[in-house]
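Chemist: Protein chains in written order, with the numbering used here: chain A, 1 to 331; chain B, 1001 to 1326.
Everything hinted at is true.
With a straight-line cut-off of 20 Å between C-alpha atoms, the simulated SDA-like cross-links for lysine to any residue are:
id	chain 1	residue 1	chain 2	residue 2
1	B	K1120	A	L316
2	B	K1203	A	H208
3	B	K1041	B	L1284
4	B	K1203	A	M270
5	B	K1122	A	L313
6	B	K1203	A	N206
7	A	K223	A	M114
Simulated restraints on C-beta separations:
id	chain 1	residue 1	chain 2	residue 2	range
8	B	L1098	A	I178	57 to 67 Å
9	A	T52	B	I1304	37 to 47 Å
10	B	K1157	A	A209	53 to 63 Å
11	A	P149	B	I1291	17 to 27 Å
12	B	G1209	A	T211	28 to 38 Å
13	B	D1244	A	L50	26 to 36 Å
14	B	N1318	A	A209	20 to 30 Å
15	B	E1091	A	L317	37 to 47 Å
16	B	I1191	A	R195	41 to 51 Å
Read the hints as simulated data drawn from the structure, not as lab findings.
Yeah, the Cβ is synthetic: ideal placement off N, Cα and C, and Gly gets one too.
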Amino acid sequence: MAANSRIQGKLNTRFQPGKLFTTEVLLAIFTMLAFIMLYSLTNFKTEAGLTTFLKDVSYLLPASIALTLIILTGNIDISSGTMMGLCGYAAAYVAKLGYDFYVFIPVALAVGIMLGGLNGIIVTRFKVPSIVATLAMVNVHLGLFILLPSGGWVENLKTNFTFLGTTTFFHFIPIIFIVSLVIFAFFLWFMKNTRFAKKIYAVGGNSHAATLAGIKPDKVVMKLFLLEGVLIAVSAILFYTTKSTVQANSTYGMEMLFITAAVVGGTSIMGGKGKLYGTAIGVFLVCIINRTMIFLGFQDYYSDAVQGIIILLVVLLTAVDMKKLKRKEIR
Amino acid sequence: MEQVVVSKRPKFKVTYLMVLIVFLLGLLGLMASLTEGTILKPSVLFGLTVNVVEIGLMALSLTFIITTGGIDLSVGSIMALCAVILGITYEKTTNLPLAIIACLVTGVACGAFNGLIIAKTKISPLVTTLATLSLFYGIARIISGTKIFSTYPEGFKVLSQKMLFHMIPYQFMFFVIVFLVFAVFFSRASIGRYLRAIGHNEKAAKFMGVNVGATKFLIYTLTGLICSLSSMIYLSRLPAAKPDIGLNLNLEAITAVVLGGTNIMGGVGNPSGTFVAVLLLGVLRKGLQLIGLGGSIYNFILGILLVICLIGFSYLNNSKKKHSRS
Chain A
1 MAANSRIQGK LNTRFQPGKL FTTEVLLAIF TMLAFIMLYS LTNFKTEAGL TTFLKDVSYL
61 LPASIALTLI ILTGNIDISS GTMMGLCGYA AAYVAKLGYD FYVFIPVALA VGIMLGGLNG
121 IIVTRFKVPS IVATLAMVNV HLGLFILLPS GGWVENLKTN FTFLGTTTFF HFIPIIFIVS
181 LVIFAFFLWF MKNTRFAKKI YAVGGNSHAA TLAGIKPDKV VMKLFLLEGV LIAVSAILFY
241 TTKSTVQANS TYGMEMLFIT AAVVGGTSIM GGKGKLYGTA IGVFLVCIIN RTMIFLGFQD
301 YYSDAVQGII ILLVVLLTAV DMKKLKRKEI R
Chain B
1001 MEQVVVSKRP KFKVTYLMVL IVFLLGLLGL MASLTEGTIL KPSVLFGLTV NVVEIGLMAL
1061 SLTFIITTGG IDLSVGSIMA LCAVILGITY EKTTNLPLAI IACLVTGVAC GAFNGLIIAK
1121 TKISPLVTTL ATLSLFYGIA RIISGTKIFS TYPEGFKVLS QKMLFHMIPY QFMFFVIVFL
1181 VFAVFFSRAS IGRYLRAIGH NEKAAKFMGV NVGATKFLIY TLTGLICSLS SMIYLSRLPA
1241 AKPDIGLNLN LEAITAVVLG GTNIMGGVGN PSGTFVAVLL LGVLRKGLQL IGLGGSIYNF
1301 ILGILLVICL IGFSYLNNSK KKHSRS
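Next up, chain B with everything else stripped away, as it sits in the complex (with noise of 0.2 Å):
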């Protein structure tokens, strides 16, 4: 029966994309219709790209850690403590590389405790990253207070201001490089054998001689990596470092990623589907935005869209399955 279903993934995943870039190409035509053109202006559609670099990076990250099964709710929590950190020893040592450092080094730390807890213990990442969900907004909430941190040096923002061709900004080509990177790892690199086999079946993975705490412990150590460097990036662009940039961000990614295909069970990943489904997310948001909406009806939509996409994936997998994995 395994058997049947691995023959027919690739099939499946193709015409997927294919659906995707569809579905988004159909969202900007609507978008374009609402707004009178206005997203389809070079300036508007290259500025959205901008947005989306955040989420983007973390969105990638968590596909790898969804496609084994697992789940880091706190990689919003580890950004902001991430950026208050920045913040807090720029001000206070006015010495930027030591600040970046020290951004870096908080975001592997925070990632490497996730990695951790979850190799170590074999407690469910999802409560794992929970409880460190509230524990590192917590700490980025203590170490702030009520205080913003907002001074930065001019060469810390060229990042967000310089664009390539006076068009696409360079933070878009550092998440398309990223993207790149990851896809091929993804699917060319053993590593990224090795998540699927942990997400199919981790015991089976185990006897096959795959190092599952190891590699379970590198990725959340990634994605704390990631988170670090998600920060700088929106700091670059908007910079005043508060506890609460992090609210959410955990549900853009989760919603972004399993709009790319990747199964929520583990498993099945598709890196390419998360970079259109950031996209995506991203026209969403730009066009809510200049129709007038605000950000809460994009959450509301964001988690209906979520809702949808996980009811529809898991019909796809029992009618093709008859028996749910349990």
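So that you can see chain A by itself, here it is in the shape it has in the complex (with noise of 0.2 Å):
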């Protein structure tokens, strides 16, 4: 930390553009400017337009947070989208037989555990790299759908499962953005003051390195998939209830989201490296730029070629900027 934080301090003194724009600042400017532009652009000073935005923010917001958590260690999960769906149609089905919220939550968080878990059992026990594990278990996880009763849909949900995802406060803060608001203080705290979060940085900067203080980076890391598996419970929780209708399929595609706001939000896909609150921004980001594109007229379809060239962008930048770190570092 201390070596790191040197090399820094030397480098500060001299202008570097590309270290400026992963620079969270910036990158919090760029979003305001976007949600000005947005705002001038689009029916958006409507009440609804401002809820549909907020709730988009909030259920991306846990997932991402999940995603940094697990790219900060230098691993990666692929199938976080197939996960959500399965969490929630979980949910919806436990709803659909009459229980209130208090039997579904627990049920989507278990299912969340039991799927995070067994992606930690198998990277962290059996040394599997995780983008090739995790990309079995989607299509592990499309396979379920099929094998699911009625084909992983939930049709015609009652009150008891929308109320957490249509209640708005003033008309138009959704509920549900008030939970991931506290998600994500929680997890501002969490990784400010406790030592787990230390760890996950040491694991990510070197494990090698990690494993010679002390810490163990395999127990390190299956923790981290149980606590995705957690978040992404309650994403796909604040995702579904806000709809009738539960498709456990329309979550597949979703972790490319996941990925492009943590990476955006300056974490390095190698690991060791970010922040939170970079994450956060870039769930804005990432939320803003859909929402502009719906509105300028563009089919859906174009935001995947979007989103790959922005996760490109950002990647090859940090690359470019790690090149001249440790061009600094040799001298």
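Given two chains presented individually in distinct reference frames, assemble the corresponding complex, making use of the accompanying hints.
Modeler: Here you go:
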């Protein structure tokens, strides 16, 4: 940690365009500009538009936090989208039977922990690279959708399920936004004040050094996968309770949004570097880009290409940055 | 310690290939008993080889990439993009050679784009190709919109309809030839050794005099080319170019490579294993089709198969070495 800050201190004496771009400050300014543009461009002024936007933000935030934590350790989870679908389906299935939120939320959490734990065991116990393991799990999940009763659909959900997603404060702040803000605040505190957070950075920065310092990387990663399961389940509930029909495969592909948000927010894809508030800014940016594209009349399939380009650009810029850092270090 | 591992490897490889072939025959027997022998008819048996050619070609070039410790998740998207480009060029100009050239150029350009980023910037291949996966898929969707390009000249379909001795399809012959070329290059040419060297220890390979960047660039570009060839073979069989033909192909190709005995961590590659594994997947898919189970069950089984393979291989590697590569 100390060495890192020393290098950074040395570097800060010179102007670095690539470095400046990746700083969260500039991102925040960019987000605000985009927000203003969107605000003046669209029917965003209406309360309904704002509510839809906040709903998008609120279900993306916990999952993006989860992905950020996973990416911080140098792992990745591309099965998070389908995992979310399974969690949401489980919750909806239980809610359809007539149970209230104090039953279906724990069910979703349990499913999330199970699936996250499965990923974690495959990655940590058997040393399988996380991207391949979770790529395989995507297909296992997609297969499960077919095996589920009624093909992964739950229709005509009553208010016992949807009240959470449709209740709003002052007619425009959805309650789910408050929930996700609370989660975000908790994790900000968590990353700042706990020993576990330090371990995450240590494992991501240099796994071998972390081992020598008495940290068990596998244990940290395993715990993170379990935590990710919980957060994905929360995201699933925030996402699906806004709808009266739950379709398990509607979140397939959403993992790219989470990864984009995390990477845009400055989380290094190689692990060890990243901030949670960066991720929050990334979430806002992703939502704004999606909304703007919809309002400007682009078809939804443009978003795939745009996401790919964004990830590539950011990753390229950070790579250029890293190269410079390394060169300085050697000198 | 490394010495011991290296000396043991050839022995392991040979036995694993045998195990795989036995497994293939066993699966064939199982499917034959489940379908009451339908799958053993020559027309069906050689017919199923047609379906695996595209996956097989991709899996072969992926074997090279995975041997270097990299991965290419964007193969399916490149193939879809090439198919769409071929379709749209032919529809606009009705000039088949031009369309084919456009398709090949697209494939090479996509592969080179991947290769350039991976070789030049040291970004991990999986992130790069995960991003280009959605990038190429998105471009294909933007180009095609909701249209499906399905008009092709008669001459284009000839490839898929002619058979050698009225039995062996030409595509399969092509696949076998490509496989032989790849296998020879992998085991006999210096490039094969370079690939394994890079997979084992990139830095050591560099000091050994291997041009790591150029080698990586070459194999990713080769994969792009192979993908465009696959897209043409696909279109000659099913003349409908649309962007989602490539979805999940990356999983299938990676499963074939891993099942074939190539180490996902790099360093150990096995083109022959990939070849047998591709046939195995073809038998599995055709068998499930004949039994009457849909494509999603196949994907489900594929996912589970990949997980089991990964776990099994890493267990074998770990028990051999005690310490995992980190």
